[in-house]
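Asks: Make a model of the complete structure from these sequences and hints.
What follows is the residue order along each chain.
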Amino acid sequence: MAKYLLKRIFYLLLTLFIVITVTFFLMKLLPGTPLQNQQKLSPSEQHLILKQYGLTKPIWQQYLTYVGGVLHGNFGTSFQFSDQPVSYLISSRIGPSLLLGTQAMILGVVPGILVGALGAIKKNTWVDTTTTIVSILGISIPSFVLAVLLQYFIGLKLHLLPIADWGGFAYTVLPTIALAASPFADTARFTRTEMVDVLNSDYIELARAKGLSKWGVIYHHALRNSLIPVVTIIGPLAVNIMTGSMVIENIFSIPGIGEQFVKSILTNDYPTIMAVTIVYSVMLMVVLLITDIVYGIIDPRIRISGKSN
Amino acid sequence: MADEVKLPADSFEPLDKSKHLDSEKIAAPNLTFMQDAWRRLKKNKSAIIAMIILVIFFVLAFGSAFISPHNPNAVNPQLANLPPKWPGVNINGVNGTLVQAGSRVNAYQAAGAGAGVHYWLGTDYLGRDMLSRILFGTRISLTVAVVATAVDLLIGVSFGLFSGWKGGWIDNFMQRVIEIIMSIPTLVVVVLLILILKPGMTSITLAIAFSSWTTMARLIRAQTMELKGQEYVLAAQTLGESSIKIAFKHLLPNLSSIIIIQTMFTIPSAIFFEAFLSFVGIGISAPQASLGTLLNDGQKNFQFLPYQMWYPAIVLSVIMIAFNIFADGLRDAFDPQTKE
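One line per chain: the protein sequences are A and B, in this order.
Numbering of the first sequence is given in UniProt numbering, commencing with residue 1 and proceeding in unit increments.
Numbering of the second sequence is given in UniProt numbering, commencing with residue 1 and proceeding in unit increments.
There could be a bad hint or two in this list.
[Unchecked claim] With the Cβ distance kept under 7 Å, some of the chain A side facing chain B (calculated, not the full set):
no.	residue
1	VAL19
2	ILE141
3	THR243
4	VAL262
5	LEU266
6	THR277
Everything labelled a hint here was simulated from the structure, so no lab data went into it.
For every residue, glycine included, the Cβ atom is placed at its ideal position computed from N, Cα and C.
Replies: Here it is, written out as structure tokens:
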């Protein structure tokens, strides 16, 4: 396990290094400077501003400075907001994003598992059909379409919840639902397939033959075993939520990093784009690492095969 | 046998030999792989309905290049923001009236449009015909998705085949590359590529293709590894067949069901990505339209003119649902074993 973990962390750092390097050089290829009103500035003024951003040094020096900065949590200065360090921009905005992401993950996965399991238990009945239809809709309808529908009906027509902005818990409800729909559908589908497999297996037959109650079999034997593979889709779901958050935060005017990312792209704020890219990648890699470790812990078969390798 | 059964010879009748030449012949006609899949697909009603809906959308979207009611890019400021009006139908919502400041007004009269002027799905903020724009947008969305999927297929299949066939350190290295690419969020890759290639149809297509081939490559590689050990591949190798020829003659046909299924799941996700990026504002740029940009335009004033958002939203959702149901049906048809 320790060896495996070390190997994984090594790959994580390697990937991170590649991400930093690639984004850095890609950003250097792009036109665009932190200069505003470029025509009005004299060359010496321009030089002064560029120097302040460290853009007068040769590229390899800029790269080393950047990597060194990132290791210390310093992502440079934003082009869009003058004198605003990117790290401050991100740390002040990551809270709402994490809150929404976590809420959406819980709201997606827990009901998803229950609905998926129910679909499998009641296979080929109207319950199964309904859950299948709901999950097809959840997978198909894009989160931003759902978000706008929620805004229109629940916010605008029924006045039940705020349409947009960021305040207390009430403000998080609609964006959370919009973000959770697709993870919910994914989890429900995945759990259903797994559960159908498990319910057909021999040990379930044995448990039934022993005379266990129907729900006893389902809870003690079927559900637990079907949940193991569900852990593996947590990573893809996290990606799903991260992607969704970009547009959902925009629609609901939530001051999160997704909204900042879009703004930075539209205003060519390269230091912020790079920083958000790195933050997103780190978050995804950490989620993937954690799910792999958890998977190894809860499924002894994985550990054994890992050792024999 | 206690009782001996005695059968007289004349109770048997010799059969005409010429009619039954081959007693080993199986009665049903041999089905090719595709025919077999089609037979199973036909039984799946929802998949067939989804397929018909998709065909209709494709025909309308691509046919609209020739028979579109209006020019999708023709600006007509006098007739801006008109609600839908169907000739001869007088139901609120499709009779050209709008609720303004609490009362219903005839928007067409207010705009000074002639009696014969009617827009089936209304007009947008520049007076462009919504129906034409939706058809035009659907065409671009579908084109981007299909081309992106084709490029994705090309990269994914060749990468997977090569990696699985070669094995050893090459395979190991290629798998590490995939792992690294996979641990970078797709969105980030797409955004970076679009920034570099400048927003537009080509860049968005390439960006989607380059960021989504990894799943295909992994599936193909796993299957290739399995096929590599089969006797017929060994036989082909023994007979001196070149690797390329084995790949095309023996491996690809056996991989085709995986490729088809995976492709059908990639297309809707490409449609989603295109709509997503266009909605955010870094996808298709004006005056071109896609379902994402139409939604974005509609969302800006959906409080007052909700119809501008409903129609693109409905079209996008229906296409996505149809693709997903059809893909599910195809998976069941091509791979009956995975079906519970």
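Asks: Are any of the numbered hints broken by this structure? If so, which, sorted upward?
Replies: none
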